[in-house]
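Protein chains: 2
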Amino acid sequence: MKRTALFISDSTGITASALGKLLEHFPHTEFSQVRLPFTDTPEKIQIAKQSILKATVQDGIRPVVIMSLGNLDLRNTLKEADAYFIDLFTAFIDPLGIELGEQPLTGSGIAHGIMGSSYSDRMEAINFTLNHDDGMTNSGLEEAQVILVGVSRCGKTPTSIYLAMQFGIKAANYPLIPEDFERGTLPAALHAHTDKIFGLTIKAERLHSVRSERRPDSKYASLENCKQEIATAENLMRNAGISWADSTSRSIEELSAIILQKIASKKDKSN
Amino acid sequence: MKRTALFISDSTGITASALGKLLEHFPHTEFSQVRLPFTDTPEKIQIAKQSILKATVQDGIRPVVIMSLGNLDLRNTLKEADAYFIDLFTAFIDPLGIELGEQPLTGSGIAHGIMGSSYSDRMEAINFTLNHDDGMTNSGLEEAQVILVGVSRCGKTPTSIYLAMQFGIKAANYPLIPEDFERGTLPAALHAHTDKIFGLTIKAERLHSVRSERRPDSKYASLENCKQEIATAENLMRNAGISWADSTSRSIEELSAIILQKIASKKDKSN
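Protein chains in written order, with my numbering: chain A, 10 to 280; chain B, 10 to 280.
Be careful, since some hints might not be right.
Copies of the same chain are indistinguishable here, so a pair counts whether it falls within one copy or spans any two.
[Stated by the list, open to error] 27 Å max Cα-Cα, derived DSS-like pairs, lysine-lysine:
no., residue 1, residue 2
1, 271, 30
2, 88, 58
3, 30, 53
4, 11, 30
5, 236, 63
By construction, these hints were calculated from the structure, which means they are not laboratory data. Keep in mind it's a predicted model, so treat the numbers as computed, not measured.
Same shape as in the complex, but just chain A (with noise of 0.2 Å):
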């Protein structure tokens, strides 16, 4: 079953659009998502209405609207279009004012300026990560609040950006190489770090797929050298007392998530 899912919003639709993964629930119907942010006039209202109607054409059956539009006005003359909505004023806003005791504020992108005291924190966390990222350097590694550890090309770089766009985490990596094999140690700067190092690790299989893309038919690329790769560093994490994911069934989102309640549960033993 083919079915248009909108999300309409008076500023960005991020908050719409990240209910939209709700829709995954339901596999057996095809959907087309289509954003349409700043709706915040009612010329773009009629718009909005327009674009209800051309998906109710297509599909033969009217879409599924997830909106959040602070202005009453705007949002009733919506809702005259034959659609599904969801309301995320409505659902949600405005029973949680009643529960907390507060009027929500309705103007247009609260959820996601500038303004939020962790966007600053956010941006300087994108910023140290991506000067942080390889183990490109060691100066600042006392800033971190993560560093992640595992061999070349399983997963390190973009669960260190989502850390730190996301969640506004410092987070470094460091690639575990030949050298650190054959000594048998971390590299000699994360030795003052070990408490908020964490790693990664990857099945043979998948890391000799990924790498050969990048290097085929390399010795890098090869299942055997792979195998060979993972064991030592996973032994060598193990040594060093080193908590540790696999990443080749995980996204970054679940990496993140096991990576958070590490730190949550390391600074509620240190309290």
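We have chain A; now place chain B onto it with these hints.
For chain B alone, kept in the frame of chain A given last:
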């Protein structure tokens, strides 16, 4: 007023946390946010219930709980606690299932796993974007879906990475530098790609402050030089017929929404 917001999920808790953005509509309530991901066993539900109790005692008022639990028994057990519950299943997924005529999947990790068709696209886009940051290479630019241009330190890198990570958009970025200003045209490598170039600009005072953090008292950071670079860059973009947005008071989320809309409207026109 202090209040705890708990995000309790059987998986990463990312969708639930995204809804947490809506708490910013209530500026008079000071929320402390607690994430409890991977709450997928009766034992972990008990720990979650204890967290609810602890928050109630600490704040002197019951917490807000945003929950996403596929398993009905776990869901009901959690709800025995006293809290203000926002349940993504009862509020959103179950009613949507009735509209769609489809039973929702209730397993954990449906929304943020690596199985979604878009996950590998996102990872590929992140690699592409990191490899095409700051004009690092001209090779493969034909694959880019968008190329951001602008003066050094106007926000190109974090915006590009956000586009890649969140939407799977292959976003290259190119700095506009004094040589371009002298020549008065875009870098030669970009001439074939003007249809997918989008500009960022920034207020001179802000750029001066950002650059001064990096290189204090340099000509590069001086207000005079910032003013001149920005005026020349805007002129250059105007002559090349390139749209641009001002990053001074916009978050990367807002800039990305603007850029996505631009891409979508160009597609509409070319159809």
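What label fits residue 271 with residue 30 when the C-alpha limit is 27 Å: within, between, both, or neither? both (25 Å within a copy, 23 Å between copies)
For residue 11 vs residue 30, is the C-alpha pair at or below 27 Å within one copy, between two copies, both, or neither? within (17 Å within a copy, 30 Å between copies)
Measure nothing new, just compare the shortest in-copy and cross-copy C-alpha distances for residue 88 and residue 58 to 27 Å and report within, between, both or neither. This pair counts as within: shortest intra-copy Cα distance 9 Å, inter-copy 38 Å.
How do residue 30 and residue 53 come out at 27 Å by Cα distance, when the copy is not named: within, between, both, or neither? both (25 Å within a copy, 24 Å between copies)
Regarding residue 236 and residue 63, is the shortest C-alpha distance of 27 Å or less found within a copy, between copies, in both, or in neither? Neither. Shortest intra-copy (54 Å) and inter-copy (46 Å) distances fail the 27 Å Cα cut-off.
Taken one by one, the earlier hints fail for this structure only at number 5.
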